[in-house]
Amino acid sequence: MATKKPDPFFIGWAKKPPKSLQGFLFLVSAVLIGAAAGVAFGIGSSVPDPGDARFAWGAGYQTFTGYVDAKPYPLLRLPAGEGGRDKPHAMLITGVGKRGMQQLAGPLNGQPVDAGGILLKRGDLDMLQVGGRVSLRPAENPVLNFSPAPTEQLGRWRLTGEICDGKCYTGAMRPGVGLAHKACANFCIIGGIPPVFVTTAPLLGSEFFLLADENGEPLSSDVEDWVALLISLEGEVERRDDLMIFKVNLDSAKQL
Amino acid sequence: MSVKYVPVIWNRTKLVYDVVVLAIVGAYLGIYIYLAPTFQTVTRPIDWDIYKAQAFGTCVFFLLTFILSIGPLARLDKRFLPLLYNRRHLGVITCVLAYFHVDYILGWYNAFSPINRYVSVFIVNTSFDRFLGFPFEILGILALLIMTILAVTSHDFWLHFLKPTLWKFLHMGIYLAYALIIGHVALGALQSAAGPFMTAATGVSLTLVITLHLLAARKEHLIDSLKSTLDDSGDWMDAGSPEDIPDKRARIISIEDDERVAIFRNGTKLSAISNVCAHQNGPLGEGKIVYGCVTCPWHGYQYRVEDGRSPPPFTEKISTYRIKLESGRLWLNVKALPPGTYVEPVVSPMTGEGS
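Chain order of the listed sequences is W and H. Just so you know, the first sequence maps onto residues 11 to 266 in my numbering. Just so you know, the second sequence maps onto residues 105 to 459 in my numbering.
Just so you know, these hints were derived from the structure itself, not from any lab. Every residue gets a Cβ at the ideal spot worked out from N, C-alpha and C, and that includes glycine. Be a bit skeptical, because a hint or two may be false.
[Said to hold, decoys possible] Over 12 Å on every C-beta distance to chain W, these chain H residues come out as not near it, computed from the model:
id : residue
1  : HIS264
2  : LEU266
3  : TYR279
4  : LEU291
5  : THR311
6  : ILE314
7  : ASP336
8  : SER358
9  : LYS421
[Unchecked claim] Restraint ranges, calculated between C-beta atoms of paired labels, are given here:
id : chain 1 : residue 1 : chain 2 : residue 2 : range
10 : W       : LEU154    : H       : TYR203    : 56 to 64 Å
11 : W       : ALA66     : H       : VAL308    : 37 to 45 Å
12 : W       : TRP67     : H       : THR315    : 46 to 54 Å
13 : H       : ALA321    : W       : ALA66     : 56 to 64 Å
14 : W       : ASP62     : H       : THR315    : 50 to 58 Å
[Stated by the list, open to error] In the DSS-like style, the derived pairs of lysine-lysine whose C-alpha atoms are separated by at most 27 Å in a straight line are:
id : chain 1 : residue 1 : chain 2 : residue 2
15 : H       : LYS331    : W       : LYS26
16 : H       : LYS267    : H       : LYS421
17 : H       : LYS182    : W       : LYS25
18 : W       : LYS25     : H       : LYS421
Next comes chain H alone, as it looks inside the complex (with noise of 0.2 Å):
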């Protein structure tokens, strides 16, 4: 969290988090340039350049495969939330990567002409009417862009400027570059220049990103499923047992497909807020209640749970919900309250502290 625009805001899990990630690329680079070659049967090696844009080019698709690997798996498995904390890092320095496979194959394929590197991408095969022979290197370029613009707009201003909604829609566009690569890479390298152990590791991370996401899914789907019952004036929701809340966590309550409230417990006490944090829309029920305040798992955005806003000087805040106690069980007001309303919370003489 921050009040003011800095470059990057730099802690140690950031600096951890970036030394592994250019400890994995500096292994997969420094492997498959230096070491691999002297294991190859082949009667010459391939052109350095080549081989060099292969090893950047598939580097990129890995960590591509990786970065839309941690949403799903921190989704399945909590533990995993770290590694989405500081997935921007690891989002540009992949944009990084892929400017150097670019530079390599126009150095080489797209050089030695009078015909302009640049331009000789979009002119020399034009066979767009076909599937084998289209031409692939179009996707990546297609990829590339979309790519460059995401690392552009990681940074928090965008965040911002662009309000949430919108930077998150715009950032899903990693999905469709991902798409155009996986057609770049099979119209492409997949065709002739790659062996048996590229075929199959491409489809093993296809395989992979589209499984996690099918799994994430059904278990976001079988979250919505659990629709509680209304009361007879319809605004009030049954919200279960206060003593199943474990402290300082929450219960998270589907209203309607696209709106969830948790309701999270600090020792005796219950408040409801909206699942969704002001900053990337980060599931807040899975937070957890520290130094006083609702802090989101991926950043670590922080709210007061009475009145859903950020401590001071921080300015973010959220939807509120009024809950209530009867006969043991807890109501939940489904229509929610502007961004930052106080609602006092709701003692529960059964929870208690610590319990």
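If we strip away everything but chain W, and leave its shape as in the complex, we get (with noise of 0.2 Å):
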């Protein structure tokens, strides 16, 4: 006698599905969970390390007391001392969220100022978010037999690198940099953050250079269409105390 072949037929409104069904869903729905838990884990794991860049909360409200330049984007000159250097060290200076300093910076140009704010660190680059009671402001007590050393040029180079925005790189977004982070880099540049070059090997030690237009004035926005991708720049290359600062022409640009 021939057996009837079970036929089993799901309906969705039937109160439950056939029996001979029921087995497949129970494991393709547990397969299914499985799978997402073990990609969920897996992508989340593996997520390239953004680096040790970060807002120095923990050091708290910090003030600082030096020189002020205002070109090619605000930084401060500081002497030897200051943050436990034993050098004179020039840092970076940002507003809060995505806003330079040039409207404060440009009339205190060259003038001795204090300044306060939170630090933010990537690895031995800082910047100070300026804000808070003091602020940007005419030095009360300047610091006595100091002033900056002059500019020294150290020649033409090409370089490889990324440019980035100087605020997220150097610690207010992980990760700060890279394709992703464009928009928000692009975003920092427009509203006068420094935009930086972050090389991929170092010159005279150094990895970390603040761009400016070949006149030492700042980049126009036709930067934005260069930032974050993997390009080589040509240009001058000047130190101020520790600073790097690389003078280009964006027309030297080239997308490798």
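Now that you have both chains on their own, put them together as the hints suggest.
This is the structure:
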């Protein structure tokens, strides 16, 4: 006698799926939940290292006294001893959020100032997010016997690397580099945050360069097209204290 | 099936389906956000908002991969048909998760500025002439727009309002959304923010979707290529032996590339109806006669096999076809009758009840 072959048929509005399908559907559900867990773990645990970049909230509000250079982008020229360094230090400064410090720093260019805010740190790099009660003001007690050293010219170079916004790279965002971060970096640069060039190999011990145009002025908005890409740039390199400045013509940019 | 519009018609299957989907989403997000970080080898963790944006974004991508895999999987193996039944809920959940992804991104990368965060998406990166560096966010926004339209129009009200053909065409937009998301991921996260596992998983997902669709297309092509012979009049097509049709099931006959007929056997009676369900164009010929009605394998819509009408109070109707039995072979008249036309079933003495 021929036995009737089971012919399971699923109907969504039926009370239950056919018995012969229930095991299969349970297995599929379990596999899907397991796969979701496995893929989530695999991706989440293998994210690239965004680096040791951070706001130094633990150090609290800090004040510095030195001189301010407004061009190409505002930076503090600090004497040896400030922040525990044994040599003079040039430190980039920024406003709160995606805002630069040009408006406050411009009128104070070359003058002794007090600057207060929260530090951002990435390894030896640092940047001061200026704000709070001191903000940026003429120095109440200028440092005696200190004036910033003249800029040192280091010649013409073609360097390879990535243009980032100085604030996110230094610690405002993790990750603060790469194409996924490009819009944010552009956003910062539009707001006046200094663009920086992070090279793939060090030049004279530095992989971090503040960017400027060939005349030492802020870069034009054309820089936004080159942000976050692996490129090479040609220009003059100079050093102010321990900060490298790369004065470039963006027409020299080549995407690699 | 319903004769009135209600926000969501719940039944036990849908509830179980949604619970499983939420378990999948919960497992993914829970492990990504809370467990995986404890196994990362990073100097400092990724910003919490960005990390959550990654979790939700990748979840959306893999859910879309799954959604697009269900169709061909069900074509290749009928046991996967239950996954298709409540796919619309899965799509709506995916769309909601995509909004979380966008909210986390806009609330972090596009925040902290006087520029409006929504406006900023369109103005801060205008490198439209570049491949690398292209504003991939726009691709994501377009995909989100499509997903939103599909989610909003997923209700049967819109299906009836737009009619199945247009509704189906509109909802094929999910493929465009998926392509846009592939571009969004490839030009964004995969360029810098993703580890090797994410890159591999994205490649596997895309390969899976393409492979399943090619396999399903090959199967469909094989069905369509089995063209039967027409008689001298050109009106009747050889539909094979009635004995080969299993009881309560159908044989699918391809008349044209875009027209198929399902010849159902109900005991000793044989009837032919359109293979296309009036609800969502589901393949009726892969359905079964249940409670005396042909039942669509996708969503359970039912039709009387003799006249192609849904039993009252339902009003759906499909085309019927005339068949005849000559010398032990079935012949199908290739001219479709108006939807709902009664056709007397052909009784085949060679087919026994339940054989």
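- Check each numbered hint against the structure and report the violated ones by number, ascending. Hints 4, 14, 15 contradicted; others consistent.
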